[in-house]
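What follows is the residue order along each chain.
There are 2 protein chains.
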Amino acid sequence: MIGLDWGTTSLRAYRLGTDGQIMARRDMPRGILSIDSDGFPAALHAAAGDWIGQGDTRVVMCGMVGSRQGWVEAPYIDCPAGLDGLAAAAVRVPFEGAELRIVPGLSCRGGGGARDVMRGEETQILGALPTLGGAEATVCLPGSHSKWAQVSDGRVLHFATHLTGEAFSALSGHTILARMMNPSAPFHAGGFARGVARAKQPGGLLHHLFGLRAASLFDEIEEDEAASFLSGLLIGHEVASALEGGVAPPVVLIGAAALTTRYAAALDAFGVPHRSADADAAARGLARIAERLP
Amino acid sequence: MIGLDWGTTSLRAYRLGTDGQIMARRDMPRGILSIDSDGFPAALHAAAGDWIGQGDTRVVMCGMVGSRQGWVEAPYIDCPAGLDGLAAAAVRVPFEGAELRIVPGLSCRGGGGARDVMRGEETQILGALPTLGGAEATVCLPGSHSKWAQVSDGRVLHFATHLTGEAFSALSGHTILARMMNPSAPFHAGGFARGVARAKQPGGLLHHLFGLRAASLFDEIEEDEAASFLSGLLIGHEVASALEGGVAPPVVLIGAAALTTRYAAALDAFGVPHRSADADAAARGLARIAERLP
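Chain order of the listed sequences is G and L. The numbers in my numbering rise by one with no breaks, and the one at position 77 of the first sequence is 107. The numbers in my numbering rise by one with no breaks, and the one at position 112 of the second sequence is 142.
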């Protein structure tokens with residue numbers, strides 16, 4: 031079979047064996063934002079047409095490809111939800127020469143009845159399940175929209191999203207903070223740790239943000255350190271909020287190492303155990319959903 | 031005498047009588063960002079040259095005109111500080127035909143030793159003192175960089191700045207939230223109240239921000255309401271943090287009505303008494319500093 035993790039800015043295609051092992055992997059900068067509304071069949075042909083031609087005609091896709099701006103909308107299903115629920119609600123997509131389905135996203139209501147949503151992460155979380163065991167677990171997927179999910183008995187019970195990555199881009203690029211940071215400086219572990227430590231103190235995020243400006247006026251922070259400080263400050267506030275909501279340690283981190291190592295450092299600062307799951311959890315999730323398709 | 035409140039984006043000039051009453055007021059879009067480093071004398075002539083020519087040769091200025099990017103730098107002085115301290119540290123500026131001085135800004139160290147600074151607000155706060163009485167008071171000055179100051183016996187004891195206004199601009203203009211709001215919609219009191227109410231719930235600001243995106247996916251918030259919701263969310267988080275730090279009610283609000291009415295509504299939602307001070311507190315502060323100049 032073929033599995034596609036098709037997001038906003040990138041497309042990852044997997045060719046999967048009968049037992050779910052990854053035979054081949056392709057990364058392309060063909061996220062849905064780069065594709066016209068009628069351009070999806072051609073993009074799929076470009077990504078995996080040769081595999082389909084060789085007889086792999088079962089294709090399962092997850093991610094923003096199922097959003098309103100994607101190929102075909104696969105409406106969100108409510109938590110709690112597991113692999114069976116995702117498979118049952120997967121949406122068929124007409125396509126010449128292959129059987130295509132799109133996995134729905136998940137929705138839940140959190141504190142105060144507020145909505146939350148995910149698309150693509152549900153497949154990663156449930157793909158990592160075999161390594162989580164049956165007990166309750168907390169999974170964290172860092173990103174532009176970081177997810178913290180509570181999982182138990184093979185189902186996502188509820189989750190919370192934090193706008194951390196996007197807030198970093200907006201605040202570092204479009205406020206007075208932009209003037210005091212060198213955006214091309216490499217990651218500065220000391221600055222990041224200072225930011226996390228600040229997040230653990232009272233005062234609130236909006237006050238802590240101005241403190242970065244004030245520190246630079248007194249030469250108490252270097253240009254090469256400021257962006258990492260801001261990253262630590264935001265991730266620290268995210269982690270603090272997630273911990274207040276309750277987690278089941280060790281927190282399982284899923285994602286690219288560049289980000290998960292930062293979250294690991296922040297969790298260390300809060301004294302919370304953590305471990306990493308396979309970065310290809312999406313492939314395993316797609317294979318396990320394919321097995322359950324009606 | 032002449033008093034100038036000379037900020038980043040605007041310049042307000044006051045002609046003041048001997049007892050500090052306002053004889054004339056001029057507003058100009060000539061903030062320091064619009065002025066070349068050698069353009070300040072000409073800008074002062076344009077703003078108040080006729081008053082100087084008529085014999086008002088004492089000129090006191092406050093605000094960003096005393097910053098490193100201003101006319102002449104007037105270094106910050108440390109809290110606690112009152113009118114006498116500001117007058118003693120006012121910096122002389124050479125100028126043909128008038129005696130010019132720039133009031134310094136204030137600096138303090140808050141929780142965790144973090145720096146904070148203000149420039150211009152100290153003059154407004156101390157200008158409002160006669161209406162505050164001698165007892166301890168909390169003064170809030172909403173803005174791009176909102177200030178919350180503790181005042182007692184005529185001195186600013188300490189203060190905390192929140193990057194609320196700038197965060198609103200960056201988040202509403204440069205994240206996915208921009209897609210779901212009508213930026214030209216008028217203020218929506220109901221949306222603002224919903225945002226403040228959300229800020230009072232757990233979850234953290236970064237999570238609450240994503241909730242606005244999720245609500246729009248389910249048509250649970252209108253485009254015309256979303257910007258006011260975001261404003262309420264951010265101001266609500268600011269107020270919650272300020273209250274955690276401790277305030278002496280009633281909180282005294284200083285600033286333009288468009289913003290102070292929002293803070294008044296947020297304080298109402300938290301059940302905290304408040305009142306407004308005169309929006310021309312800067313003029314009174316400049317006059318009182320002038321009386322104390324060495």
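Just so you know, not all the hints are guaranteed correct.
Any copy will do: because identical chains look the same in the list, a pair fits if it lies in one copy or spans two.
Claimed, not checked - Below, computed lysine to any residue pairings styled on SDA-like, alpha-carbon distance capped at 25 Å:
#1 Lys230 to Gly195
#2 Lys230 to Glu274
#3 Lys230 to Ser137
#4 Lys230 to Arg185
#5 Lys230 to Leu113
#6 Lys230 to Pro59
#7 Lys230 to Thr48
#8 Lys230 to Phe198
#9 Lys230 to Ser182
It should be emphasised that the hints constitute simulated quantities derived from the structure, not laboratory data.
Tested hints:
1. Lys230 to Gly195: both (19 Å within a copy, 23 Å between copies)
2. Lys230 to Glu274: both (12 Å within a copy, 14 Å between copies)
3. Lys230 to Ser137: between (30 Å within a copy, 23 Å between copies)
4. Lys230 to Arg185: neither (32 Å within a copy, 30 Å between copies)
5. Lys230 to Leu113: neither (37 Å within a copy, 35 Å between copies)
6. Lys230 to Pro59: neither (37 Å within a copy, 40 Å between copies)
7. Lys230 to Thr48: neither (48 Å within a copy, 51 Å between copies)
8. Lys230 to Phe198: both (18 Å within a copy, 23 Å between copies)
9. Lys230 to Ser182: neither (29 Å within a copy, 29 Å between copies)
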